[in-house]
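So the sequences go chain by chain: A and B. Here the first sequence is numbered in the numbering used here, starting from 1 and rising by one per residue. Here the second sequence is numbered in the numbering used here, starting from 398 and rising by one per residue.
Any given hint could be a false lead.
Among the chain A residues that face chain B by a calculated CB cut under 10 Å, a handful are [to be verified]: (1) Lys2; (2) Glu17; (3) Lys25; (4) Asn137; (5) Glu144; (6) Gly209; (7) Lys210; (8) Thr264; (9) Gly282; (10) Met289; (11) Leu298; (12) Val309; (13) Val364.
If you are wondering where the hints come from, they were derived from the structure by calculation, not from laboratory data. Positions of the beta carbon are idealized from the N, C-alpha and C atoms, including for glycine.
There are 2 protein chains.
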Amino acid sequence: MKVAVMGYGTIGSGVVEVLRINKEKIARRAGQEVDVKYILDLRDFPGDPMEDAIIHDYKTIVEDPEIGIVVETMGGVEPAYTFVKAMLEAGKSVATSNKNLVAAKGAELIAVAREHGVNFQFEASVGGGIPIIRPLNKCLTADEIEEITGILNGTTNYMLTKMADEGADFDEVLKDAQDKGYAEKDPTADIEGHDPCRKIAILTSLVCGKQVDFEDIHCEGITKITAADFLYAKKMDRSIKLLASSRQEGDSYSCMVAPFMLPTTHPLCNVNDVFNGIFVHGNVLGDAMFYGSGAGKLPTASAVVADIVDMVKHINTNIFIDWSSEKMELLDYKASQNAFFVRTTSSKAEVEAVFGNVSYVEAVVEGEMGFTTEKMTEADFEERSAKIAVVNRIRLA
Amino acid sequence: MKVAVMGYGTIGSGVVEVLRINKEKIARRAGQEVDVKYILDLRDFPGDPMEDAIIHDYKTIVEDPEIGIVVETMGGVEPAYTFVKAMLEAGKSVATSNKNLVAAKGAELIAVAREHGVNFQFEASVGGGIPIIRPLNKCLTADEIEEITGILNGTTNYMLTKMADEGADFDEVLKDAQDKGYAEKDPTADIEGHDPCRKIAILTSLVCGKQVDFEDIHCEGITKITAADFLYAKKMDRSIKLLASSRQEGDSYSCMVAPFMLPTTHPLCNVNDVFNGIFVHGNVLGDAMFYGSGAGKLPTASAVVADIVDMVKHINTNIFIDWSSEKMELLDYKASQNAFFVRTTSSKAEVEAVFGNVSYVEAVVEGEMGFTTEKMTEADFEERSAKIAVVNRIRLA
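Input sequences plus hints: build the corresponding full structure.
Right, here's the structure in full:
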């Protein structure tokens, strides 16, 4: 089997490396050898061992009947979308690690693959190396999945872990994450939660079989989290994690991306550093969790190559993925219920006049105090909290 | 699709229940409705809603061409083996939750299924509801799996969690586990580690593609663990878990079942109560963990029904499982390296004469002391520890 890799960046070069390192094992599992024939990139790579495979025109791949499988690791919606669609229409299966592409065009590309009797797979688009897409499609098939809650972004989890462990403040850990190469120069997609938002949209689409648009999901990042918030969390035996969650309610789903305070006994609370964890609740399975490297060159490439192996074994068979382009109307997040931790400079009398009975948390900053509310709707909380002076508020999980 | 269930105990009745509760969802995923036509059991079930489906002769199933899939939830090797083999030879696929059968006859039944173009699947035989067999076969296909370490027995994990939380002693928590129905009247298979031993044999067979005999695996249970051991563990910021582990070393594997002291930061340390956790290390994936209900009626049935769905979708296609009957010769556990925590009534001078520099742990029992060793071979530890008075010893993870 000859494959082409589109995009020779971190993940793309990782795919080439994994195919080389585990060549024999992969051939045994796929039933035949898997070789990289082309690498599509804008750049040249003089001196690279794969130099001779580098090409610059995607049509070279489209027009080569020897290529059965194409890997897309370019990132972004365009030109990835144009290239991938052309590959599928030319009868080539495609594996991608590109969450932006999958969130925006997943349903359409799955349909195109089906029409042409090939496959479009995207295990690496969520949770890096953690198997989660295939488990949802192939393993948890006896269940109604009622909830998925995940730590789906390694960069922000690294930052929050460092804030928790070292008492550091946001700007400091962001700089550290950028120095270490975990965060990009423009860190918006991570720290504002756009990345986990696309990932939970993908997972929810797979659970409900319809198109969940990430633009419909309420999304808060971690930019407002401070060192003081972690001191309060510690006093409550909790930590702060950026959670992406999706809960079935009736015929629809309630989705959100936001920082939450988790009790230290919660399975996701011990998912630290760049690791990801995905908690799943099925109506008969109960609770399950998948944990592992949510990013990184080789772990992510491992997931891409697992897609390649699966597609080699199903080279003339479309594997059904239940994700149609019919839109799933999500519930308004303002109707969802949450309990909150609140820091305020208002008095106890003012707080109690608005929230009734609350539980106070010992102050860690002079001139303010902390308290936790009962569960209430987001709309209700918004209305009430506008009546007091709020320094910060974080939801409780 | 008509299925037959052999064994109407906890898991078997769970399978019938899951097929009923999630009937529509399962039909959608399998591509057709799945109905239970027969239930094979020695007993009658007067008044049971499935009363009319009860039969007593397995040949009724063998001879009915309408039955495409058979579920085996009887437990034990015989007569399960005879029945399952007859079903496969009659061209029916079989899903089982029976670890004893799979550990003893897995390779053979996989081969029989292949010969007859049907499938033999056993997701529920390890880790209850946790997807682990299919992830190993279908998801982690790009990796060389270098290590699997699991908490694979819910009963003993419940007992050890209770000992850790409540300071209770072994006999007390065993009685409690029996009262709650978690432990059987004869708890040997659980507390002596025979159950997780079979499970790690199954997982190692799948990783190496050869037959790993559970009889070859060194196996220690939890019967020697006391309340005092947990006090020592706490002082070391550790807890005690019964681990089943398998590590690739050269062309072979080193396997063991034994209680270990884990640091509280270890992902498996937070796997509590009846939950199971399976930690996997792949050479490119790095660390991953699968967590969930390791036992229980509905979670285990969820895994069996996932096998049914997969087999309905592959009704005339054998899904390759890489597990031949060629025997894998395991490494002698005495050559494996471990560090130990030791309780002794010998003096520091005596300890140091034998073990050299050790780290002492503050005594929690009068007249003794605790210390930890460096890593050494099991043989070396055995020889040295015979020279001092050992109260108990537990390996460190």
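Hint by hint, here is what the structure shows:
no.: 1; hint: Lys2; in the structure: 18 Å, violated
no.: 2; hint: Glu17; in the structure: 8 Å, holds
no.: 3; hint: Lys25; in the structure: 6 Å, holds
no.: 4; hint: Asn137; in the structure: 9 Å, holds
no.: 5; hint: Glu144; in the structure: 6 Å, holds
no.: 6; hint: Gly209; in the structure: 8 Å, holds
no.: 7; hint: Lys210; in the structure: 13 Å, violated
no.: 8; hint: Thr264; in the structure: 9 Å, holds
no.: 9; hint: Gly282; in the structure: 6 Å, holds
no.: 10; hint: Met289; in the structure: 4 Å, holds
no.: 11; hint: Leu298; in the structure: 4 Å, holds
no.: 12; hint: Val309; in the structure: 4 Å, holds
no.: 13; hint: Val364; in the structure: 25 Å, violated
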